[in-house]
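So the sequence shown is numbered by the numbering used here: it starts at 1 and just counts up by one.
No lab work stands behind these hints: they were computed from the structure.
Computed from a prediction, not measured in an experiment: that's the story for all the values here.
Just so you know, even glycine gets a beta-carbon here, dropped at the ideal spot from N, CA and C.
You may find that some hints are simply not true.
Claimed, not checked - Between beta-carbon pairs, the in silico distance windows are:
(1) E294 / E271: 34 to 40 Å
(2) E153 / G314: 36 to 42 Å
(3) Q39 / P112: 19 to 25 Å
(4) A237 / G314: 39 to 45 Å
(5) V297 / D72: 22 to 28 Å
(6) V90 / E161: 27 to 33 Å
(7) S232 / P177: 35 to 41 Å
(8) V343 / D72: 39 to 45 Å
(9) P67 / N110: 34 to 40 Å
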Amino acid sequence: MFAAPLAVAARGYGNGWAADLVSRPNSKNAMTYALTSLQRAEALAASVPPAVAAQLISQAHTSLARPLHVRDIVHTQGLLPHEGDRDASVLAQQDWQQTLVQALAFRVSNTPAYADKAVAYIAGWLPVYRSSSNPVDEAELVQFLFGLDLMREHLSAELAERVPSFGAQLAEAYLTPARRVGDDSTMLNNWQSHRIKLATAGAYLSGERRWIDAARAAFIDHVRQNVRDDGSTYDFAQRDAMHYVVYNLEPLLMAATMAVAHGQDWYGAPEIRGRLASALNWLAPYARGERQHEEFVHSSVKFDARRAAANVKGYSGLWQRNEAADLYRIASHLDPQFRAVSVGLNASPVARALFPA
1 MFAAPLAVAA RGYGNGWAAD LVSRPNSKNA MTYALTSLQR AEALAASVPP AVAAQLISQA
61 HTSLARPLHV RDIVHTQGLL PHEGDRDASV LAQQDWQQTL VQALAFRVSN TPAYADKAVA
121 YIAGWLPVYR SSSNPVDEAE LVQFLFGLDL MREHLSAELA ERVPSFGAQL AEAYLTPARR
181 VGDDSTMLNN WQSHRIKLAT AGAYLSGERR WIDAARAAFI DHVRQNVRDD GSTYDFAQRD
241 AMHYVVYNLE PLLMAATMAV AHGQDWYGAP EIRGRLASAL NWLAPYARGE RQHEEFVHSS
301 VKFDARRAAA NVKGYSGLWQ RNEAADLYRI ASHLDPQFRA VSVGLNASPV ARALFPA
């Protein structure tokens, strides 16, 4: 995700602060950090390895002059490269990604230019953008939300006041059945995983318990349906691709890590009976390189064949195991048993900064 798809160990968060967010949504800590704890954000400069910090700073510095690409509608789902508004929408999605890169670069360097650039992205998008309820189009919006969260105290009062309502609107967009985009199968596959990720982020940004509780209920229900008893997922049966196993599990783990920031254990919730760990163990032999998989051979989704025919990277041939690098980086902070898998992969600088080993 961070290279194109975030969990910090529970010890990195303060449970007292976590409880405060729900009980006192107007408290200073709640208003300043919703997705990343105050302690974790303040520790970034000291905890991020110098090599990772240098990569983040380099990425941010080379993009300081990049113009904003704010759009009312961002749409890439179902489009091949250069079809329709895809190219313009990809530029808009890069705004979201850059918001987090600039915010992290500022956190690890304290360089004002990176803070200014991150705030410029937030000031451009926050007042005008409203969710389309399409979780594929908005999958990368979570990076904007994490970046926004890291920069809250640097926003003007007017911008900061917009954040809770923006979060509530996002939660409503993804938790209200009448707003749903996509056919019935999307309630079972990665679409629903991304809905839950975005709804969870929105819920915690809003500080409203009703949305937080609704997001947790949706998380539990979806994990029960999506992950089968043997650890395989609905997406693997539908797409015959490890790519979609990762694309499905990563947003669920991201949602779980947002809950960890508030002292809540969604990953280990008794209602799901270890299903996420089971899914990660199912994928692990492929992520370690012990097994290989030819991607999309038996996919039931016609668009996959179109992408393969158009030579879109990753939609034919053997799966490249480093696609799972960020997934296992997140997993290793929720569950130590996956650290051995994570260290054998090369996670993105953003993931390594947010989720240190």
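We went through each hint and held it up to the structure:
1. E294 / E271: 34 to 40 Å: 35 Å Cβ-Cβ, so the 34 to 40 Å window holds.
2. E153 / G314: 36 to 42 Å: Once the Cβ atoms are compared, 39 Å apart, the range 36 to 42 Å for G314 and E153 holds.
3. Q39 / P112: 19 to 25 Å: Hint holds: Cβ distance 23 Å, inside 19 to 25 Å.
4. A237 / G314: 39 to 45 Å: For A237 and G314 the Cβ distance comes to about 19 Å; the hint is violated.
5. V297 / D72: 22 to 28 Å: 39 Å, violated
6. V90 / E161: 27 to 33 Å: 31 Å, holds
7. S232 / P177: 35 to 41 Å: 27 Å Cβ-Cβ, so the 35 to 41 Å window is violated.
8. V343 / D72: 39 to 45 Å: 43 Å, holds
9. P67 / N110: 34 to 40 Å: 25 Å, violated
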